[in-house]
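A.B. asks: Letter by letter, the chains look like this.
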Amino acid sequence: MEKVIEMKGITKIFPGTVANDNVNFELLKGETHVLLGENGAGKTTLMNILYGLYKQEKGEIYVSGNLVNISTPNDAIKLGIGMVHQHFMLVHNFTVAQNIILGIEPKKGFKIDMDKANREVKEISEKYGFAIEPTAVIEDISVGQQQRVEILKALYRGAEILILDEPTAVLTPKEIKELETIIRNLEKEGKSVILITHKLKEVMSMSDRVTIIRRGAVTGTVKTKETSIDELAQLMVGRKVNLTVEKNPSVIRGEILKIENLCANDQRGLPAVNNLNLTVYGGEILGIAGIDGNGQSEFVEVLTGLRKPKSGKITINDKNTYGKSPRYIMSVGVGHIPEDRQKRGLILTYSLFENSVLGIHKKNPFSKGIVMNYKEVRKHCDELIREFDIRTPSGDVTAESLSGGNQQKLIVAREISKDPELLIAAQPTRGLDVGAIEYIHKRLVEERDNGRAVLLVSLELDEILALSDRIAVMYDGKIVDILKREDATEQKLGVLMAGGTLQQTPKGVKDNE
Amino acid sequence: MSKLEEKNNEFINIARNTLKTLAFPLFSIVISIFVAVFFVMWAKGYSIFQYFSALGDLFGLIFKGGFGNTRVTFVTLSEVTPLIFTGVANAVAFKCGLFNIGVAGQFILGMVAAAIVGTVPGLNPIIHTILMILAGFIAGGIWGAIPGYLKAKVGTHEVINTIMMNYISMALANFIILRTAFGVAGKSSTPDIQKSAQLHRFVTGSGANISIFLAIVVAIFIFWLLWKTIVGYEIRAVGINPHAAEYGGINIAKNIILAMALSGAIAGVGGATHVAGVLHNVKDFMSLPSYGFDGIAVALLAKSNPIGCIASALLFGTLNSSSRTLQLNGIPKEIVYLIQAIIIIFVATDYIVKYFSEKKKKGAFTNE
Chain A
1 MEKVIEMKGI TKIFPGTVAN DNVNFELLKG ETHVLLGENG AGKTTLMNIL
51 YGLYKQEKGE IYVSGNLVNI STPNDAIKLG IGMVHQHFML VHNFTVAQNI
101 ILGIEPKKGF KIDMDKANRE VKEISEKYGF AIEPTAVIED ISVGQQQRVE
151 ILKALYRGAE ILILDEPTAV LTPKEIKELE TIIRNLEKEG KSVILITHKL
201 KEVMSMSDRV TIIRRGAVTG TVKTKETSID ELAQLMVGRK VNLTVEKNPS
251 VIRGEILKIE NLCANDQRGL PAVNNLNLTV YGGEILGIAG IDGNGQSEFV
301 EVLTGLRKPK SGKITINDKN TYGKSPRYIM SVGVGHIPED RQKRGLILTY
351 SLFENSVLGI HKKNPFSKGI VMNYKEVRKH CDELIREFDI RTPSGDVTAE
401 SLSGGNQQKL IVAREISKDP ELLIAAQPTR GLDVGAIEYI HKRLVEERDN
451 GRAVLLVSLE LDEILALSDR IAVMYDGKIV DILKREDATE QKLGVLMAGG
501 TLQQTPKGVK DNE
Chain B
1 MSKLEEKNNE FINIARNTLK TLAFPLFSIV ISIFVAVFFV MWAKGYSIFQ
51 YFSALGDLFG LIFKGGFGNT RVTFVTLSEV TPLIFTGVAN AVAFKCGLFN
101 IGVAGQFILG MVAAAIVGTV PGLNPIIHTI LMILAGFIAG GIWGAIPGYL
151 KAKVGTHEVI NTIMMNYISM ALANFIILRT AFGVAGKSST PDIQKSAQLH
201 RFVTGSGANI SIFLAIVVAI FIFWLLWKTI VGYEIRAVGI NPHAAEYGGI
251 NIAKNIILAM ALSGAIAGVG GATHVAGVLH NVKDFMSLPS YGFDGIAVAL
301 LAKSNPIGCI ASALLFGTLN SSSRTLQLNG IPKEIVYLIQ AIIIIFVATD
351 YIVKYFSEKK KKGAFTNE
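As they're listed, the protein sequences go chains A and B.
Take the first sequence: its position 196, counting from 1, is numbered 196 in this note's numbering, and each next residue is one higher.
Take the second sequence: its position 355, counting from 1, is numbered 355 in this note's numbering, and each next residue is one higher.
One chain only, chain A, in its complex shape:
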C-alpha cells in the first residue's frame, strides 16, 4: 500500500526533556492509525511537528514519497494535512458554515458568497454522513457536533490526512460510536486518519494499526487485529498493568453528605443545578455519571463553596455547609480534587512544596502565628512525593514543570493527606495515562475502604463503572436515577445520560436526542 506519510528519525528536544527521540512513523493511504502513549510520551509533539506547530531538531518528513519542509500549519494544510485539536477552535456565535470557510471564504465580488459556502459545506457533510446543518450556530450545537465541524473544516481545506487529537475525550458513548462511523466513511473515501489517544478500548475498535510511543521513543507498531488490550497496555506503560480495579464489597457507615433540593445558577445566571437530591455514605464511592455540561461542574463548585447556591440544603458531617466559604467547608472534612487542575488545583508558578500545603497552610505544623514553617512544609512535600510516587527532581521545582499525571498525583496526595471525611473527586484522571489512572483509582478505593465517603464525578463511563458502588446519573441539573453498581450497565446509563428513563424499553433510545 502507498505510504502517504513517512516520518524518519524525528528528534525534538524541549529544554530539559527529549520529547521525541529518533521516532519513525508511517501512515498508509486509507488506514486509521492510532498513536498510543501515556501523557507526556510525545504523541502530540510528534503530530504538532507534522502539522508545522513545532520544528524538529533532527529527522525528515516525506509526504507521498516527497521530502517536505513543514514549518507552519499553512504548509501542512497545503500538503493535505488537517488537524483537529483537543480543544476546538471555533467562533461561538458564527454558524457552522461561517466557521468552516473562515480564512478561505468563497467571494462574489467584495462579498462573501454565503450561499455557495452553505451548499459546499452541506455537500461534504452529507458525503461523509456528518448530519450537520450549515446554518446552525456553534453555541447551539452539541460538543460532538462541534467536533464534526472541526473535522469538516479540515476536509473543506482539502485534507487527505486527518490528525485527531484525543477526539473521544469530550464525547458520549453514543457520539463515540458515531465518530467511529465517520472515520470508517473517511477511510472509504481514501482518507487516512491518525488518532492520538491513550484509551485502549477505542484503539481496539477504531484502528487498523497502532504505533506505541513511550517516553519519546517508539516501542512498537502493531496491527490491531493481531494484538490485545493487555499487550498494548504493556507496550505503552512498559510493565504489566492491572486494568481492572480490585475492590472488596463496601462497608457502609453513617451518612456523610446529604443534599436536599439544591439549586444553583451557572456563570450566565441560568439554572445549572436544579432541585438536586443526593445522599452519600461513608465507605462507599458514589459515582456521578453524565454528559459534560449537565451541571456537574457547578454542582461540585457549590458543594465546595466555590459557587454560591440559590436554594436548598447541604449537610456534611452533620454540619450545615450551605453557602459557606471554601475554608469552612474544608474544615468540616472535605477534600476536593478539582476538575481543572491547572486553574483550581495548583498555583503553577509555586514550587511543589508551596503547593503541597495549599488549603492547609494555616494549620500546624506548617505555620505558627503568621510565620510559615517551610522546613515542615518541605518535609510534608517530600513525604507526599515519596508516598505517591510523584516523579520530580525535587520539591523545589515549580508545579508547571511537572507532567499532567504528576501534577494530578500531587493534588490527590495533598487532598488525601488532609484526611477528609468526604473526598470529592471531579474528573480525577482526565487526560492521565494508564499508569497514573491505575494509581489514582487505587488510592480512591483505599479511601473508601478506610470508611471515607467518596463522591466521584466523571465523564468517563468506564471510570464510573470501575470504581463506583452506586451510580447517580445527572441530567439537566438533576439526579435522574441512582443505580446500584450491580444493576448498572453501560447501555442503561447511556439512556439515562441522554435524558431517557428506564421505564421504557431500551430500544426506544434512538428518539432520545
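No lab work stands behind these hints, which were simulated from the structure alone.
All values derive from a computational prediction rather than experimental measurement.
It is possible that some hints are incorrect.
Said to hold, decoys possible - In silico SDA-like pairs for lysine to any residue, Cα to Cα no more than 20 Å straight-line:
1. 228(B) x 328(A)
2. 375(A) x 229(B)
3. 333(B) x 354(B)
4. 199(A) x 176(A)
5. 379(A) x 229(B)
6. 254(B) x 306(A)
7. 362(A) x 227(B)
8. 122(A) x 106(A)
9. 199(A) x 439(A)
10. 363(A) x 393(A)
11. 228(B) x 364(A)
12. 324(A) x 254(B)
13. 368(A) x 224(B)
14. 153(B) x 306(A)
15. 254(B) x 328(A)
16. 362(A) x 240(B)
17. 223(A) x 439(A)
18. 228(B) x 360(A)
19. 228(B) x 14(B)
20. 362(A) x 243(B)
21. 308(A) x 251(B)
22. 362(A) x 254(B)
23. 308(A) x 155(B)
Stated by the list, open to error - Selected chain A positions facing chain B (in silico; Cβ < 7 Å):
24. 330
25. 362
26. 365
Ideal Cβ positions, reconstructed from N, Cα and C, are used throughout, including at glycine.
With chain A's structure known, arrange chain B on it following the hints.
C.D. replies: Showing chain B alone in chain A's frame:
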C-alpha cells in the same frame, strides 16, 4: 559528603537562579546606556568615533553627580530613600496582581499626616518620630485600602480608582495646607515640625538622614513577609492564580484589601520620613510627587523583589541626583529620563515575552 554536595548544588542552583533573574534587568540597563551615549555624543557634538569618550563622559558625570563628593553623595542618599519606600510599595501590590498607581497619593497623605503630628510640642524625640511614622503608615494605609476595598467588593479596577484618588489626595492636602489651621496663614505650607520630630541627619545642610536604614529594614521585612509568612503565601497565591487561591480557602477579597493597604502604608511611611528627615514641612502641591511613579519603575526593574528594590532605587536615585551635574556639563538632564525610560521599556518587554512564551507553552501542553 553527600550532604556537602547537596549544599553545594543548592548553592549553585541559587546562584544560577539569581543570575537568571538578574540577567534581563542588567541587560536592559546596559542597552539603555548604550543608547543614551548616542544622545550624549549628539549634545556634545562628538563624532561617531568618539563613542567611548562619550561613554566615559556619561559614566564619569553620573558618578561625579551621584557620589563625587560627600555633599552629592548625601543628596543621592536622600533621593534613594523615598524611592525604596515607593518601590517596595509598588512591589507588594504587584505581588498580589494589583497595579497601585496611587502610591503618589498615598505618599502625599503620609507627608501631610506626618507634618500635622510633627507639630505637636513637648514629646520625647523617639516617641515623636515613631508617632509621625505611624501617622504616615495609617494615612497611606487607609488611602490604599479604599481602592482595594472597591476592587474586592465592587470589582472596580484599582488602576482607575488609584489614579483618581491621586488627584483627590492632592486636593485634600492642598485644602489642609491652605484652608485650615494646620497650614501657616499666608505661607502656603505647614509650619516646621518640632525639633523632637526631626530625624537625625548625617550632616547638617543635607537631607540625608537615618530613614534610609528604616527603608532598608522595611524592604527586608516585606521580603520576609512575602516569602516566609502566611500573609505572603496568600498574597502571592492570589496574585498568581486567584482561582486556585479561592479553592485553597484563601479569602481573595481580604488579601486584595490587605495588599493594597500594605502598599499604601509603605508609601505613607515613605512620605512621613520624607517630611521628618528632609523637608520638615509640607508645601502645597502643584503636581504629584515624582517618587510615586518612579516607584513603579523601581519595582519593575527589581522584578517586584523588595530587596531588589533597594538596588534599583539606588540606580534611579543616582540618576536623578546626577541630573544637575550632567546639565552643568553640557549634557541635557533629560538623558536621565531617557535612560530610565529605556530600562522600563526593556523590562516591560521581558514581561511581554514571558507572557507570550507561557501562552505558547500552555497551548502545547493542553493537547498532551
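A.B. asks: With reference to the structure, classify each hint as holding or not holding.
C.D. replies: Comparing the hints with the structure gives:
| no. | hint | in the structure |
| --- | --- | --- |
| 1 | 228(B) x 328(A) | 24 Å, violated |
| 2 | 375(A) x 229(B) | 13 Å, holds |
| 3 | 333(B) x 354(B) | 33 Å, violated |
| 4 | 199(A) x 176(A) | 12 Å, holds |
| 5 | 379(A) x 229(B) | 17 Å, holds |
| 6 | 254(B) x 306(A) | 16 Å, holds |
| 7 | 362(A) x 227(B) | 15 Å, holds |
| 8 | 122(A) x 106(A) | 15 Å, holds |
| 9 | 199(A) x 439(A) | 16 Å, holds |
| 10 | 363(A) x 393(A) | 27 Å, violated |
| 11 | 228(B) x 364(A) | 15 Å, holds |
| 12 | 324(A) x 254(B) | 16 Å, holds |
| 13 | 368(A) x 224(B) | 15 Å, holds |
| 14 | 153(B) x 306(A) | 16 Å, holds |
| 15 | 254(B) x 328(A) | 15 Å, holds |
| 16 | 362(A) x 240(B) | 19 Å, holds |
| 17 | 223(A) x 439(A) | 29 Å, violated |
| 18 | 228(B) x 360(A) | 15 Å, holds |
| 19 | 228(B) x 14(B) | 17 Å, holds |
| 20 | 362(A) x 243(B) | 18 Å, holds |
| 21 | 308(A) x 251(B) | 15 Å, holds |
| 22 | 362(A) x 254(B) | 15 Å, holds |
| 23 | 308(A) x 155(B) | 17 Å, holds |
| 24 | 330 | 5 Å, holds |
| 25 | 362 | 6 Å, holds |
| 26 | 365 | 13 Å, violated |
Figure legend: structure checked against the earlier numbered hints; hints not met, in rising order: 1, 3, 10, 17 and 26.
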